[in-house]
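Peer 1: Protein chains in written order, with our numbering: chain A, 1 to 232; chain B, 1 to 364.
Hints are computed from structural coordinates only; laboratory data are not their basis.
It is possible that some hints are incorrect.
Anything over 12 Å on all C-beta distances counts as not near chain B; from chain A, calculated [said to hold, decoys possible]:
id, residue
1, F18
2, F38
3, V75
4, L132
5, Q143
6, I218
Per label pair, the in silico range of CB-to-CB distance [what the hints assert, rightly or not]:
id, chain 1, residue 1, chain 2, residue 2, range
7, B, H129, A, P20, 56 to 62 Å
8, B, E245, A, F61, 28 to 34 Å
9, B, K309, A, R141, 53 to 59 Å
Because the structure is a prediction, the values reported are computed rather than measured.
Heads up, the beta-carbon is just placed ideally off N, CA and C, and yes, glycines get one too.
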Amino acid sequence: MELILEGIKKAFWLLVTFDPEVLGITWLSLRVSGLATFFSLFIGITLGTAVALTRFPGRRFVVSVINTGMGVPPVVVGLFVTIFLWRNGPLGFLELLYTPTAIILAQAVIATPIVAGISLASIQKIPEALRLQILALGATRIQMVWLLVKEARLPLLAAVMAGFGGVISEVGASIMVGGNIKGYSRVLTTATVMETGRGNFDVAIALSVILLLFTFIINAIFTSIQQRERPR
Amino acid sequence: MKETILSVRGLKVSRGGVPVLDIQELDVYAGEFLSLIGPNGAGKSTLLLSLAGLIKRDKGEILFHGRPVENGARLLEYRRSLAMVFQEPLLFDSTVYDNVAAGLKLRGTERKKMRPIVEENMELFAVAHLSSRSARKISGGEAQRTSLARAFATNPELILLDEPFASLDPPAKESIIGDLGHAMHIKKTTAIMATHDRRDALRLSDRIAVMEGGRIAQIGAPVEVMYQPVSESVAQFVGIETTLEGKVRSSAGGIMQVDVGSRDILCTGDFAPGEQVMCFIRPEHVTVYPGGARPDSSARNVFTGTVLKIQTIGLLYRLSIDCGFMLSAHVTQQAMEDLRLAVGSPVTVAFKATSVHVIRKSWD
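So that you can see chain B by itself, here it is in the shape it has in the complex (with noise of 0.2 Å):
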């Protein structure tokens, strides 16, 4: 059993009136690296905010280590057990040396045992060689790098991260990730960071959570949130692109028949026959061939279609094929030229019948 380091019950926070953060229940255990991810506005921010006692909560309870996390001489103590990083450095005007240790200063650490930990600390994140430079002075990864080191220097049990890697350019945020890494698993630190970008948690991540309209919409191990989303708008914002409203037309051995209109699917699962059901594909789990040909997988649903768009993303593809339904595929530039795919292209799809994630319609 995972020892449980905070726990969030009942919480509600509002904003000039309006609810924004409503958490029923949040378990975040000893060591463990949880993300938030979900869109703009759905909270995240103001959860951590909120578990790091910098607002104030209408309802609810945040026990750290089982005790309550109140207001007075009790929240201070709990403030200075954890850490923040926000998406701005926020560095004082001052030296990278005097910034790694500003907790420290607080809490009035002498200044002989200080000297170690802060140099320990700017080594972690690569700063140790600007430690005399003024933080002005410093590029803004090395400023995210000074603004970890000073949350780290402190050994907080609890570090809380607030989008840290949205102001970076890719080559800083990729090294700066990587370092990060590197200090939870040597400080075995137990984090929360809320990020929009799903590839950040996924990189760092034990356990997603993703959050919509203030609540905790699912939570769960990273393939667990990515394949197998709890509902159509999570499915979205986990990079699901396919979603097809069908009814299960028979149910054996765990695999359904699909009817999604004009075509069936088979799926596994084992939900009743006349259910209606929700079917999600990733697009990387599409595979795309020539038109007419017959795939020599063991993919179980093969289709014929039409290609309706190409988009590019990145230095991937997006196909839009209509294969009686709409279908939505990744490929590559190489698949492109080797398929000479355009606009009206004849191809065939196959996914497999567990690429195919069902949930049970909702109706709200």
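This is chain A alone, in the form it adopts within the complex (with noise of 0.2 Å):
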């Protein structure tokens, strides 16, 4: 018990000081899982939005494709993006392994079938009827999918909460390709991992605290993003 309380103390005292190391950390986190999300969106809402628009023959197969990767293992998306950034690997020569541009890459690949199942299932989620609306409003195709897409806007909003929530919060994948280097590729997940494998519980709850303020932040704006009201 007393070591808990010793932690949380630490905790605080790391996280009022503002120390360097925590928020060097902290501030790498976020700056990967952020743009990880952020290209995962690209990729991600093209995806969803052209398959749910579409109908082609195969297509339940790719939907639970992607369905299937929201849930994969980070873990397995690890080994494969290091197997392909290995030195001899298929993209070897651009000596990625253990740079915080792996981890981002790792991450996107991480986020992009869960932003792409969360946009695929909200747009088809949209009336068909409203689709013949956009048209009969005299909408070109173009106009079309950007006014379906602009309707979704809030779950997709949730996609991207989604997205990055999973990939902050992931420590398999960034401990293997970005190899936790102090000062250049640890991220608060891989900084738990392994101060708590030191036994420095202290720094290892602070980074938890932190973690898990961000976790709550988004959580709260996902389920504020919920609740609300479905139009007419």
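Make the complex out of the two chains shown on their own, each in a separate frame, by following the hints.
Peer 2: Below is the structure:
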């Protein structure tokens, strides 16, 4: 019990004094996961919208793949990204392994199906009649797609949150492709794992509190969006 | 001669391989209000959707101002000269103003030019006071008004209405029908409305088309369709409750005597004696008197009978009367009390020869 209290005290101290190392780790976490989410939005929303609005043979299979992708364990992604970036792997020449860029890449791979899956579901949920209504209002195909995406903006915002929430709390892939190098590729989750292993519970608790704080904020926003009224 | 704005020729549409629409010929005149009535699945909505170029047609032509409507750039141009309103308001998740402006925005109308147009149309449908409100936070009636204002804002030549009142409560529906009629009058827009409610059609229409199984069974002025249906199924749909099969016994001077089984009735018409016919009598054209009374009206068909069944229909009562043949009549609550009507009551019924619509019996 004393251990936890001590830890929380230390955590509080580290936070209020803006400990440079903790601050650096936090900043890198936000930047890496933020960028990864940003990239996943482009691919995810485009892919989700395209699958939602088109009919082609094998569509069900593609939907299943996306939905499965939403639940792929980050370590599996970490493994494959590591193989690809390995010195003599297909992308080895880029020399990206054990860099923050590698973490961004892995996290984007994790977040993309999440974003695509939620986009797909939310665009698909828009009634078919609204599509017809938009066309009847004189929209071109591009205008129609844009209006539908705009119409689904709240659930799409949820996709952003889910994607970001998924990658910022992820540890497996980050540690595998980033290497948890001090001051370079160390993020909140990997640092927590390491400090816990070393028995530095106070630092680990401090890092966890920060992580919890972000997860809480994200979920609070997510919930408030979910609870909004549906339009007529 | 009225100007034809839209013509349909040999239009066929199928869904999932099943034919759902087969319109041989339909002409819509500029400025008219045409209603499509018919039961569910008659093809009303499908016809509207294909007229809007929103579903593929298997065959046939749609001509707008004499020019065929095709796919491609011309289709967009065509769609931009019409508007469509559905049963659900289908509003965007933004303000009432933005919703009414939506069609104009899609056409790239300048913001400055847009404002007066949007405001005028919001006024027209009494939603101007809701302008900056979220479309999520207005009532169902207000939402449908917004949807109508959005449709009228682009100043369409043709407006297609797909069951626009079906989700509204009666008071909201009443006032919206009033405003729609007013808007139609001011804008001189041509309209085609699908509805399953013949009363709505009667209130707004210049012409009514009765649809059945994907075809237009009958089209004409409201009185024509209501009083002179061309078939038994149309008759049923327009509210005729008595259909009698019979054979013309004699015919002279525009009056026929028709044998409808155990009795003969007199009707106007000039089919030849011996012809098999069907006689339609609207329930509101039958007058009910106490049993044994001698009606002092000019009605030429007077029979005595017995009340077999009484049903309430809104504020009226429907009587099924056996007077040698089955006759349906509508009476008021007052009449029920005055005549002390009950099942088994003897009554005298009367209807005019002109109230009977006679068609040649069809054998399909």
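Peer 1: Each hint should be assessed against the structure and marked as holding or not.
Peer 2: Consistency of the hints with the structure:
no. : hint                         : verdict
1   : F18                          : holds, 41 Å
2   : F38                          : holds, 24 Å
3   : V75                          : holds, 39 Å
4   : L132                         : violated, 5 Å
5   : Q143                         : violated, 6 Å
6   : I218                         : holds, 23 Å
7   : B:H129 to A:P20: 56 to 62 Å  : holds, 58 Å
8   : B:E245 to A:F61: 28 to 34 Å  : violated, 59 Å
9   : B:K309 to A:R141: 53 to 59 Å : holds, 57 Å
Checked against the numbered hints listed earlier, the structure breaks hints 4, 5 and 8; every other hint is satisfied.
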